[in-house]
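Throw the hints in and build the complete structure from the sequences for me.
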Amino acid sequence: MRLLVAVVAAVLCAGTVLMVRVTASVVSRLNDLRQAVDRRFADISAATRLFAQVEKLRGDGVPRLVDAAEALSAGPGILREFVYAEIDRLAAHLENLTDSVAECPGENHDWLLTLTRCTRKSIDAVTTTVVDDYSGSTGSAGRYLAAQGEAIERGASVRRLFVVQRSAQAAALVPLCTAQRQVGVQVRVAVLEKLPPSLRRGAMTDFVVFDGALSYEVDFDPLGSYCSTRIDAHAHRVEPFVSRFDLLWNATEPADS
Amino acid sequence: MAGEPGTPGPGTAGGVRVPPVVLKTLITVVVGTVAYVVTNLIDQSEDELWKLAMSVVIGGAALIVQYMVDFEKRLDSVETGQRNQTRVLGDQFIQLSEAAALLNELDQAGMSTGDARRLIKSASQVGLQGPDIVKAFARAEIESLASVVTDLTGMTAHWQRDNNEWLIRLTGCAQRTIDATSSSVDRPFWDTDPAGHYLDAQIEAMRDPGVHIRRLFMINADEESDPNFMIRFTALCQGQLDLGIKVRFMVLSPHRHTRAAARDIVIFDDALYLEFEPDRQQSYLQTRLDADARRVDVQVRRFNDLWESAAEPAPRPEPSTRPPAR
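Protein chains in written order, with the numbering used here: chain A, 1 to 257; chain B, 1 to 326.
Some hints here could point you the wrong way.
To be verified - With a straight-line cut-off of 30 Å between C-alpha atoms, the simulated DSBU-like cross-links for lysine-lysine are:
#	chain 1	residue 1	chain 2	residue 2
1	A	Lys121	B	Lys121
2	B	Lys121	B	Lys135
3	B	Lys135	A	Lys121
Treat the hints as calculated values from the structure; they're not laboratory data.
What follows is the structure, given as structure tokens:
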């Protein structure tokens, strides 16, 4: 009997030691494994984020831009510096756009033209300062009109509302309206003195709303010597422009051609 | 009896917070103590105790074996999973190296990786939220610069309008010299808003890197014979002289000078030039940037020749002339 007890006790002790050792080794293996995985993921997560960003841009101009910028490293210093400055400017511009707002000094015809080319659905424009841009002879006006024609061919609707103070001024717009209609732009002329007083209130500024989602406006300082362009895609900023345009448009008769 | 505490093993091994071996040993000790007390309590019938002890030992052993087999299997599966994951991560690393290569290229090109990161980051984030047109616009802006820079790898790029921004920014990039010919095409330019920015940029360039600016005005014979024009023109020249710009002018004669002579060209650092080309009606302008060494040399020599033969502007006629074009 004593022998049996000794055997059982020995087996139990040995078993216990065995179990503890096995458990310890298993736990340390698991720990190693976990650490390896953690290390790998820590290494990779930062890189993956960047890669995901690059991957998204694969079809974009960015890799092309970067390749070309690299190829320019052999060129003259000033060219390289110029290109890098341009890329930096673009990055800053895109950062602003991430925030749905961009501004620049002066009237930015490039933005106007590019936005027109990007439009899918609609362009609604209010024009008060007819003298400068729409004389029809300058290059940028011609290109802008052509871009609007292309937008119309893509199926977008382009509505332009001229706002003038008096009926007499409307007559001067006739050739301009004709030119616009020829490319398919819907044109109306709002004469302020004929409008109901409720509509005459509010600032009469030039603005363009693209796709009902992005506004382009040019602000003049009080002396008219300096202006700045602002584009904004925040719904709460675009909404007032959309409703103002609709109000004025609906209050105006289609102009006679 | 030692086996019984093994059962909570998977639970503790799962969360490796407390050293699990210590925990297990403790539990074993506790259970052992409890078992010791129980055996003492039922000390009366030794047979019963033995039966109980044996059944517990055998049951425990069976449990341990099951548990160990199960554990081995799970550990295997974890290790297999880890190997697969490593393979996937390896693939990702290969793809990642493309991104790394992109950044590396930029580093070698002398462009700060920070700029590239900034571009990549902003380009990928723009339009994530917000209307489609913002994204389309951003893409168009990227494409437009990309095509210009791609063109520039061939040392020349075109712009379908008079690109005063390039003029101003290149002025900012110049380190040594700016030599400009200014023909009748761009004289109305001096009264415009961009001209103000251009002059500001030139003043800045002359002050900081100490750039030397020479401007050669080209006028034609009709203009030279118009006294009103000459008064305005002299004022313009004096205005620029006052800013520190070296100004000369020459009269283009239709017999001696071809149309090509009247083009507006601005040479920066004798390394590249901007050319403003009017179309036939002189209404459309297009801008060309050229950095081809041979063509730049031709333009530099041409400018120097013209400069030598050009005249200094007349002194300020009367004190009450207009201020500089700005």
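Please work out if Lys121 of chain B and Lys135 of chain B have their alpha carbons no farther apart than 30 Å. Within the cut-off at roughly 14 Å; holds.
Given hint Lys121 of chain B paired with Lys121 of chain A - CA-CA distance at most 30 Å: Holds - the C-alpha atoms of Lys121 of chain B and Lys121 of chain A are around 29 Å apart, at most 30 Å.
Pair hint outcome, Lys135 of chain B versus Lys121 of chain A [Cα-Cα no greater than 30 Å]: 15 Å, holds
Consistency note: the structure conflicts with none of the earlier hints.
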